[in-house]
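These are the residues of each chain, in order.
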Amino acid sequence: MKIQAPMIGFINGLLVTIKTTLRRPVTAEYPSVEKRLALSDRYMGFPALTWDYDVKEPYCTGCMVCVRECPTQCMSAQMKDNPKHEENLSRRRKIIDSFEINLGRCILCGICVDVCNFDAIEMSHEYELSKYQRNANRVNLNQLLDMGSSFQNKIGWKPKQPQKNSGVPQPPKASEESS
Amino acid sequence: MQVHQQTSEHSDAIDLMVNMGPQHPSTHGVFRLVIWVDGERIVRVEPHIGYLHRGSEKICESEQYNQIVTLFDRLDYVGNLNNELAFCLAVEKLTETVVPERAEYIRVILCELNRIASHMLFYGVYGLDAGATTPMLYGFRERERVQELFESVTGARMMHNYIRIGGVKEDVPADFEKNVRKLLDDLKQGVEECDSLLSQNEMFLARTKGVGVISGDEALDYGVTGPALRASGVVEDVRVTDPYSIYERFDFGIPVGSMGDCWDRYFVRVEEMRESIKIIEQALSELPKGEISAKVRRIVRPPAGDVFIRTESPRGDLGVYIVSDGSDKPYRVKVRPPSFANLQALEYMLKDTYIADAVLVLGSIDIIMGEVDR
Chain F
1 MKIQAPMIGF INGLLVTIKT TLRRPVTAEY PSVEKRLALS DRYMGFPALT WDYDVKEPYC
61 TGCMVCVREC PTQCMSAQMK DNPKHEENLS RRRKIIDSFE INLGRCILCG ICVDVCNFDA
121 IEMSHEYELS KYQRNANRVN LNQLLDMGSS FQNKIGWKPK QPQKNSGVPQ PPKASEESS
Chain P
1 MQVHQQTSEH SDAIDLMVNM GPQHPSTHGV FRLVIWVDGE RIVRVEPHIG YLHRGSEKIC
61 ESEQYNQIVT LFDRLDYVGN LNNELAFCLA VEKLTETVVP ERAEYIRVIL CELNRIASHM
121 LFYGVYGLDA GATTPMLYGF RERERVQELF ESVTGARMMH NYIRIGGVKE DVPADFEKNV
181 RKLLDDLKQG VEECDSLLSQ NEMFLARTKG VGVISGDEAL DYGVTGPALR ASGVVEDVRV
241 TDPYSIYERF DFGIPVGSMG DCWDRYFVRV EEMRESIKII EQALSELPKG EISAKVRRIV
301 RPPAGDVFIR TESPRGDLGV YIVSDGSDKP YRVKVRPPSF ANLQALEYML KDTYIADAVL
361 VLGSIDIIMG EVDR
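Quick mapping for you: the protein sequence lines, in order, are chains F and P.
Numbering of the first sequence is given in my numbering, commencing with residue 1 and proceeding in unit increments.
Numbering of the second sequence is given in my numbering, commencing with residue 1 and proceeding in unit increments.
Simulated from the structure, these hints should not be mistaken for laboratory data.
None of the values given here were measured: they were computed from a predicted structure.
We treat Cβ as the ideally placed atom computed from N, Cα and C, and that holds for glycine.
Please note that a few of the clues may not be correct.
[Said to hold, decoys possible] With a straight-line cut-off of 30 Å between C-alpha atoms, the simulated BS3-like cross-links for lysine-lysine are:
{"no.": "1", "chain 1": "F", "residue 1": "LYS19", "chain 2": "P", "residue 2": "LYS169"}
{"no.": "2", "chain 1": "P", "residue 1": "LYS209", "chain 2": "F", "residue 2": "LYS160"}
{"no.": "3", "chain 1": "P", "residue 1": "LYS289", "chain 2": "F", "residue 2": "LYS160"}
{"no.": "4", "chain 1": "P", "residue 1": "LYS209", "chain 2": "P", "residue 2": "LYS188"}
{"no.": "5", "chain 1": "P", "residue 1": "LYS178", "chain 2": "F", "residue 2": "LYS154"}
{"no.": "6", "chain 1": "P", "residue 1": "LYS178", "chain 2": "F", "residue 2": "LYS19"}
[Claimed, not checked] Here are the in silico distance ranges between beta carbons for each label pair:
{"no.": "7", "chain 1": "P", "residue 1": "MET136", "chain 2": "F", "residue 2": "LEU39", "range": "24 to 32 Å"}
{"no.": "8", "chain 1": "F", "residue 1": "GLU87", "chain 2": "P", "residue 2": "ILE299", "range": "15 to 23 Å"}
{"no.": "9", "chain 1": "P", "residue 1": "ASN179", "chain 2": "F", "residue 2": "ILE107", "range": "22 to 30 Å"}
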């Protein structure tokens, strides 16, 4: 930590800036879609609901565990009996009826994803909040499923517990036992 | 900046009361400093805090333990992982959880990277405080690299919620070691560049040398900790003097200053970044395989009792005190934020300096208002 001779430090600083002018810029232009920074796979954007393509229904059964565990109480959900289960098209007896997340309240902590037993909620790669209406950040079930399915297609999402959470109906006996 | 005519009891030989803040750009948040000046010389200052009070400690009492980690992210919002670590260590001590080795190493690597990112932010902003615009571009460039790595590991750039009670959230990605080594090479070069850009610059030296001097004894009396204390020549670092986690396994130095002026407080942080790089290199070469989290119940219910833990956050000695009544929510959480204690010494440091140096002295103790007001 000793002080150098006069002017040496000043000249060293100038050398650093001269070196930098010859380098490529490290900044990205945010609003343009092509030039913005790429997100890593683990990026946690807003929570979104996943879509089960095999039986064409959401993974979510409306068990409300995410609603209870959310630190900011930004969600609400309601379940109903699954009509597809009665026709033996799906293994899920209950299915989500309505789901609302207030994205303005969400703090992106990812606790809802950790506690979900059905692989039904994921942190998507959406992160833009500015909307034209005051309440446009209260997203409903359809919007959440849109966000979720575009996220699934983007990263090639697979359920973490495919055995347990697949909605494909199994031979009658097994489906009665396991569900 | 508003200027009022002096009317009150501090009347003899005082010209003006200058009201700096709360919307002053150089106060690092919403912080109001009332300065009584005699000509250009500061006679007395009075800090006013509380503009960013969110009641974090009170909210903690109505949240479950694993939800509180998200609140600790938001106390010191540039040293997030260090804050998470402090809370998780406290709960682990209370529940007597043994954290797996791999999780401990991952925690140390990420916390030290966080320290570098925080000091890089200080470096950039301090350059701005001193009137130099260029250092900010360099500081933020290096910080951005660290945040990019955080994004690939934790999923978020600032509010990670990655360190959990009993370990970490998930294992690091496969190319983590390679990425960190590359990042360290970049950072080493970056720290050298930053150092040669600003540290010995004559205008910067003229602004900071001998300004805001505080002696080691005075600093200890005021409860100053962290880089601000070490700049006054006191060898005190919780990582060494009262080791937590696995810090006793690593070999690193404690940079100390000699005078306790603004330049020492600045340079101690630059040196500390180099020491952090040493710690990360050692931790990375020893990174073991295995579990990343101990077996913890989803809803943590510690036994009734209380616990205090202190850690070295980028700003100093961060203490967390938890009283548990055996339920799933703490009875009381008290945070001892380093910035708050460091701010107490501001009045002493600013006495008899020039008013133009007020911003510089305030910047040199590196306060984060989110932590001061909680």
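Here's how the hints hold up against the structure:
{"no.": "1", "hint": "LYS19/F to LYS169/P", "in the structure": "violated (41 Å)"}
{"no.": "2", "hint": "LYS209/P to LYS160/F", "in the structure": "violated (58 Å)"}
{"no.": "3", "hint": "LYS289/P to LYS160/F", "in the structure": "holds (22 Å)"}
{"no.": "4", "hint": "LYS209/P to LYS188/P", "in the structure": "holds (26 Å)"}
{"no.": "5", "hint": "LYS178/P to LYS154/F", "in the structure": "holds (25 Å)"}
{"no.": "6", "hint": "LYS178/P to LYS19/F", "in the structure": "holds (27 Å)"}
{"no.": "7", "hint": "MET136/P to LEU39/F: 24 to 32 Å", "in the structure": "holds (25 Å)"}
{"no.": "8", "hint": "GLU87/F to ILE299/P: 15 to 23 Å", "in the structure": "violated (38 Å)"}
{"no.": "9", "hint": "ASN179/P to ILE107/F: 22 to 30 Å", "in the structure": "holds (27 Å)"}
Hint violations for this structure: numbers 1, 2, 8, all remaining hints satisfied.
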